[in-house]
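Student: Under my numbering, the first residue of the sequence shown is numbered 1, with each subsequent residue one higher.
One thing to keep in mind: the hints can contain errors.
To be verified - Here are the in silico distance ranges between beta carbons for each label pair:
1) P148 <-> S100: 14 to 24 Å
2) S99 <-> Q161: 30 to 40 Å
3) G125 <-> L163: 14 to 24 Å
4) K119 <-> S60: 16 to 26 Å
5) K33 <-> S60: 20 to 30 Å
6) E17 <-> Q161: 17 to 27 Å
7) V64 <-> D147: 20 to 30 Å
8) S100 <-> Q25: 33 to 43 Å
9) Q25 <-> H144: 22 to 32 Å
10) Q132 <-> G61: 24 to 34 Å
Unchecked claim - In silico lysine-lysine, BS3-like type, Cα no more than 27 Å apart, as pairs:
11) K62 <-> K33
12) K96 <-> K33
13) K14 <-> K30
14) K30 <-> K62
15) K62 <-> K119
16) K119 <-> K33
17) K14 <-> K82
18) K82 <-> K18
19) K30 <-> K119
20) K18 <-> K30
21) K96 <-> K62
22) K33 <-> K82
23) K82 <-> K119
24) K33 <-> K14
25) K119 <-> K18
26) K33 <-> K18
27) K30 <-> K82
Hints are computed from structural coordinates only; laboratory data are not their basis. The structure presented is a predicted model; accordingly, all values stated were derived computationally and were not measured. Where is the CB? At the ideal position from N, CA and C, for every residue including glycine.
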Amino acid sequence: LGHAIQLPEQDMAKLREKIQEALAQTPNFKDLKDHVEITITADGLRIELLETEAGMFFESGKAVPTETGAALLARLAEELGKMPNSMLIEGHTDSKPFSSDNGYSNWELSTDRANSARKLMEGHGLRAEQVQQVRGYADRQLRHPEDPQHASNRRISVIVQYLDPKPEAPAAEPPKPEPKKGEIPKK
1 LGHAIQLPEQ
11 DMAKLREKIQ
21 EALAQTPNFK
31 DLKDHVEITI
41 TADGLRIELL
51 ETEAGMFFES
61 GKAVPTETGA
71 ALLARLAEEL
81 GKMPNSMLIE
91 GHTDSKPFSS
101 DNGYSNWELS
111 TDRANSARKL
121 MEGHGLRAEQ
131 VQQVRGYADR
141 QLRHPEDPQH
151 ASNRRISVIV
161 QYLDPKPEAP
171 AAEPPKPEPK
181 KGEIPKK
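Sequences and hints are given; from them, build the entire structure.
Tutor: Right, dumping it as structure tokens:
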């Protein structure tokens, strides 16, 4: 895999720094940095693009990323594509009912945004086999349950999963000593 780096759990902090440095190279990142949150969780490294009222990464009700969202996802894909780790991509919405005549709801929107992020990232360096799941949660995992319509409840999450540790070969058993004359061998 070329320049891939192995990233077990203890190295996720290093990856977080590397991703933050890479994203800082994105044009206008100073305007975005408060809307990108990178945390180490039980699932791996969680990178979240948190929406604003104005729709920084996706326009309201749309599944296609804005120019800003596309640039950030592309930069992220360039870095994540160099790694052996698997990824999960999640879409989340707020609780504002999505009105549509054709039955399109926050479920479809959250899933379509996650899938749109996947397609864009795969076009910019993320390998197809790295993506293990694309998930849409609608408003079922709110960041701010006390304010279900808060803009940051609308987000895309990219989770860099921990590498499974390589199974170790069983240790060879030490040779058993020969029983002394007249002794019953131990089993």
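Student: Now tell me if each hint is right for this structure.
Tutor: Verification of the supplied hints:
Taking the beta carbon of each, P148 and S100 are about 19 Å apart, inside 14 to 24 Å as hinted. Between S99 and Q161, the C-beta spacing of about 36 Å keeps the proposed range 30 to 40 Å intact. One distance hint, 14 to 24 Å for the beta-carbon pair G125 and L163, holds here, with the actual separation near 19 Å. In this structure the hint that K119 and S60 lie 16 to 26 Å apart at CB holds, the actual value being about 20 Å.
Under the hint 20 to 30 Å, the C-beta atoms of K33 and S60, about 22 Å apart, fit the expected range. Checked against the given bound of 17 to 27 Å, the beta carbons of E17 and Q161, roughly 18 Å apart, stay inside it. Checked against the hint of 20 to 30 Å, the pair V64 and D147 passes, with Cβ atoms roughly 26 Å apart. Remark: the range hint 33 to 43 Å for S100 to Q25 is upheld by a beta-carbon distance near 38 Å.
Restraint check, Q25 to H144: a C-beta distance of roughly 30 Å satisfies the suggested window 22 to 32 Å. Separation of Q132 from G61 is about 28 Å and conforms to the stated range, judged on CB atoms against 24 to 34 Å. Of the pairs offered as hints, the one joining K62 and K33 holds, with about 22 Å between alpha carbons and a cut-off of 27 Å not exceeded. For the proposed pair K96 and K33, the alpha carbon gap of about 25 Å is at most 27 Å, so the pair holds.
Between the alpha carbons of K14 and K30 the distance comes to roughly 21 Å, so the proposed pair stays at or under 27 Å and holds. As the CA atoms of K30 and K62 are separated by approximately 25 Å, the hinted pair is consistent with the 27 Å bound. Proximity of K62 to K119 is assessed by CA-CA distance (about 15 Å); at most 27 Å being required, the pair is judged to hold. Among the hinted pairs, K119 with K33 is consistent with the structure: their alpha-carbon atoms are about 23 Å apart, no more than 27 Å.
At roughly 15 Å between alpha-carbon atoms, K14 and K82 fall within 27 Å of each other, so this suggested pair holds. Using a Cα cut-off of 27 Å, the hinted pair K82 and K18 holds, with the two alpha carbons roughly 12 Å apart. For a cut-off of 27 Å, the pair hint linking K30 to K119 stands: about 26 Å separates their Cα positions. Annotation: proposed proximity of K18 to K30 holds, straight-line Cα distance about 17 Å (limit 27 Å).
Only pairs whose Cα atoms come within 27 Å are accepted, and K96 paired with K62 is accepted, the gap being roughly 14 Å. Between K33 and K82 the alpha-carbon distance is near 23 Å, which keeps this suggested pair within the 27 Å criterion. Distance restraint check for K82 and K119: the Cα-Cα separation of roughly 17 Å lies within the 27 Å cut-off, and the hinted pair is therefore satisfied. Distance restraint check for K33 and K14: the Cα-Cα separation of roughly 18 Å lies within the 27 Å cut-off, and the hinted pair is therefore satisfied.
The suggested pairing of K119 with K18 holds, with an alpha-carbon distance near 23 Å, which does not exceed 27 Å. Between K33 and K18 the alpha-carbon distance is near 15 Å, which keeps this suggested pair within the 27 Å criterion. Of the supplied pair hints, the one linking K30 and K82 holds, its CA atoms being roughly 25 Å apart against a limit of 27 Å.
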